[in-house]
Amino acid sequence: MQPEPPASDPNDEHVLTASGEFDVHDAPIDLGVYRVEDWIAFAFFWVLAGTVFLQFFTRYALNDSAGWTEEIARYLLICTVFIGATISVRRNNHIHVDFFYRYLPRPVTRVLSTFVDAFRIAFFSYAAWLTFALMQRIGAQRMAVVDLPIGLMYGVVLAGFVLMTWRALGVARANWRRGASVLEQPELAFGAQPDGSREATK
Amino acid sequence: MSPGAFKLLFLGLMGSGVPVAIAMAGSSLIFVMVTGTVPDFVVIHRMVNGIDSFPLLAVPFFILAGNLMNSAGITNRIYNFALALVGWLRGGLGHVNIVGSVIFAGMSGTAIADAAGLGTIEIKAMRDHGYSPEFSVGVTAASATLGPIIPPSLPFVIYAMFANVSVGALFLAGIIPGVVMALLMMGTVAYFAHKNKWGGDTRFERKRVLKALAELLVVALFPVVVWTLTHQGGLPDVPTVAVALAVLLGADRIFRFSAVLPIMTPVLLIGGMTAGVFTATEGAIAACVWALFLGIFWFRTLNWKMLVKVSMDTIETTSVVLLIVAAASIFGWMLTVSRTTEMIGAWVLSFTTDPWMFLLLANLLMLFVGCFLEPTAAITILVPILLPIVKQLGIDPVHFGLIMVLNLMIGLLHPPMGLVLFVLARVARLSIERTTMAILPWLLPLLVSLGLVTYLPSISLWLPRQFQ
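As given, the protein sequences belong to chains Z and V, one line each in that order.
The first sequence begins at 1 in this note's numbering and counts up by one.
The second sequence begins at 203 in this note's numbering and counts up by one.
Here chain V stands alone, though its shape is the one from the complex (with noise of 0.2 Å):
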């Protein structure tokens, strides 16, 4: 079998509406058995083999953290800490919204789930204060891209392990192209309410900003302090992170925190994370058992059958990805066999060999594809055949790594197909058409984060160097 006959079955499969795991994992076993170059059993065996690995439990522990601090009580406490902190500024629900994703950001790993479960909230408190239903939308759309862009995040899960880097280094990596991105948002969202002159949703009350700022600092001083006691104070890493979380528990109880112990959620994981303290599954592990902790002793939110529930979604969740992920591993060997990588690697490279020039056409192809696909299947399948040749032409595979996720997830906002643009349009009962214009003018300051990522390097390469 060629290599142009197995692309064109493994698309022909796809576009069919196979799942892109069976579509994967059947093109490659249809392929095994017609060349015979290996035994065909093989393929249950290299399916088996590629989520054999320990760095890969870490996707069903982040999941399930994140669906844990899901619930409407923690989801409750940011968003009013959110509105405490910017709800005051002109167009202060646009803003809130995009605080509240910057949050959760930190918590799910999803661009999908955030807009479906967390857009819907959004959206009905904006037409409570009167927005438009557009401007909700779009405000909405584009900051559910944060969600992969701020770790934790899947996609770098995924994209970590398929490119052979260090899921920390990704995190980091992600941190300042999310704040920036989250910067720009604000920006547009000042940029209408200058417009419209709209005015802000709460009243500015000195007390209620102020404490929420202190709540912000409090959860940045954290990490500095243990990171200080441990580092330049010679004490034992876990023991103290223990007794600093019991502080902040006793702080807590006196001063009525809003939202600081959710937000210690992520904290913990990526700053443990970058200690070097925990790898990426203890690291998931322990934002579990801290989320465990909160939702069943301390609010007292969880109850069994939301713990059986958020279990069975985390499931469900995790057998998804890493069916495509075990798929992936069989396909990505085949890819390799009949040498499909190695010719388009070549015909890319008979283009340009600029990687200015290479990256724009990445760009592109990245974005198109990420209307079609869902980041995920779409990783698995791009990065065996791209990683090769951004090695070749002396490109970072972490900002690459960034660079790929930012793009797919813009490909969920834009037409024809993003699956975000579908959910949305379900969830604020527009049309189709209606939610493609109310997203369009968000694309801006997207294309400009990704232009930025993209040909500055530094932004996305500068924290994860300090750390090495």
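Isolated chain Z, as found in the complex (with noise of 0.2 Å):
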């Protein structure tokens, strides 16, 4: 269990200004890394956002709050939480456990790993095919206050699915080339530098 060294060395930077201060500064924002589902999900989360501040609007403004934003805003999150789940997909930033990693021989973590990514991948497309199958049967329905079918929201839970499926795909090959998975070697891990999130100056 060495501890690893980080790629930059974030310890030769300095917190406090010549007279003791706090003075930290936030790291450079590189846009590049966001793909098309972290926009999608962007997209939902803004509206799911403004779609709950007319409901508060509405009820304190108005004193009558807009019934169809509580349904909205329900379904909104869903969709946010299904689209948005792909990132963490794509980035290996689901919460797992790699306890057992830490202490079984190289051989022994490469099967496991590789069955980890073949098992997401079954999960997922099999869900995915579920989600078809149930909107088969209650797609066609209305929501309870808005006159929408229900199966729009289901839709978007199936095209998260397809999209978690293809980006599990994507994981499990690039695992397979480098022959080695995040969850051997967490450093590989997006994100990984503990303070990705801010930096020093002097």
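Calculated directly from the structure, the hints in this document are not laboratory data.
Owing to the predicted nature of the structure, the values given are computational and were not obtained by experimental measurement.
Treat the hints with care, as some may be off.
[Unchecked claim] For lysine to any residue, the following SDA-like pairs were computed, each having C-alpha atoms within a straight-line distance of at most 25 Å:
no. : chain 1 : residue 1 : chain 2 : residue 2
1   : V       : Lys409    : Z       : Thr17
2   : V       : Lys399    : Z       : Ser19
3   : V       : Lys511    : Z       : Ala122
4   : V       : Lys409    : Z       : Asp23
5   : V       : Lys399    : Z       : Glu21
6   : V       : Lys511    : Z       : Pro186
7   : V       : Lys511    : Z       : Glu187
8   : V       : Lys409    : Z       : Gly20
9   : V       : Lys507    : Z       : Asn93
10  : V       : Lys209    : Z       : Val108
11  : V       : Lys507    : Z       : Val47
12  : V       : Lys209    : Z       : Thr114
13  : V       : Lys209    : Z       : Ala180
14  : V       : Lys507    : Z       : Ala27
15  : V       : Lys209    : Z       : Tyr126
16  : V       : Lys209    : Z       : Phe99
17  : V       : Lys507    : Z       : Gly50
18  : V       : Lys511    : Z       : Val156
19  : V       : Lys507    : Z       : Asp26
20  : V       : Lys511    : Z       : Val171
21  : V       : Lys511    : Z       : His25
22  : V       : Lys511    : Z       : Trp46
Taking the hints as your guide, dock the two standalone chains into a single complex.
Structure (structure tokens):
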């Protein structure tokens, strides 16, 4: 169990000014790391925020909350979660337990980690199929307050599972090529730098 | 499929490294397919329904409010405020570390994020002042546990949902234990400072300390004044709050407060919730609007790029947490259908029916689980199993929620597998072994807090009872 040396050395920087005050600065931001699912989830999220704010506003300012806002907000949250979950599939950020990987020999962890990739792909693709089957049954039902088919929301869930399958395939391929996954080498994880969020200056 | 096989399947999947959410949903799906009790697409229906809830909408906005307050500009304000308040004490930056964590605890909901983001700053600052990496890591780790105890707190929202208790009551229940913990930790810093003959890290300047105390007073008086005006004076809720905030902004222009306005974010949220003005979700939205206003217009620390990054971080955390919640709702159902919960309950009750003894065993179990599993994931698994027993023994579920979250937080620190331990080992560039040794002395104040919270229910329950 060796501590992994970080790529850059954040320990050389200082967070205090000469007079002893705190002076940290935000790290530069690269928007290029975001992919299509990130931006779709981004759109859902801000429409959701707008909807909840509208509900808040109508309830307090007009003393009459618009009934549709609550229902639509709940569905938008579901859409945000299922599309947003794709991001963490791509970046391997879903919460997992890698305890045994520290103690098992490498050939065993290689097999286990390949099994995990296969299980993820199998689960997401079958879940996509099940969502499709579910839509066939109840997709045409109307929402409770708003006159729209419930299938719209399930369609987004389906898209989420399809995207997750796609990203899980990509991750599995990358793991196969380099012969290691994040489970085996946590330092491969996206954003593994503990202080990726901030940078200090002198 | 027997309950034993179902449990083994789930534990096997999770142990082999399958993401927890997929291990829960996948083992449930296999259980449904093997037993054929319900059509298998019901699994998806149940997952989606699991997050189809209005109270859960609080989750993304708590996270957003915390992330919005996490910019460098606001971090500097809060740390400099803490520095003015306690930096002159012996072992100054150790105290600053704890006070900073208390304030940030009121903004972000998660300990791991606190340890990584703030921990880096705290450890660097302490190194600049010549503290040993061991001491810096220890105090940073210990103070990171405050995040989810002092409201608002993500684990509390998740617990409230699974245990079917009020989020507001849990939030209030966390305040006094949080203060007790902070005081015990400051006591530990004082002990180390005394033992090693450390001095303060800033000079004692009466004016500076008084200004910091005055800011603290303003923050404390704000909810009292608003409460008096609305409840005794009969003024309407929302306009009063709006006018009070406007007055505060005016005061900020004149007195140049360092941290009053950022600290108002959690005050607004918790104050609004406990006064019954807001629901948790509305409180979270109000906090976001306030944080956006501060970031974009008042302090001008937010630009478009940062807003995108903050949103993306929020979406990622939200979907990770809520995918687990979705999977846990089908998993919890399967635990009941397969009679697993019933069996575990009967087994535990055959052991002991004494609440005192049960709490001791539950503490050991949760500490153990806490060092392997991330808190929200652990909550979604533990609550369906333990809560029936808790209710049968007549323990208050709010009290138990506090015990559970505190256990899981301590689990993040202690060996062999605490997540905070690993994060801090990286930040401080210490070996895992040295980090473990550095954290050990800090387990003492934490375990004392745990004992107090477990066996003195009034520490957590007194405050929520005042508002019932």
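Open item on the list: Hints numbered earlier in the text: which of these fail when held up against the supplied structure?
Closed with: Per hint list: 3 and 13 violated.
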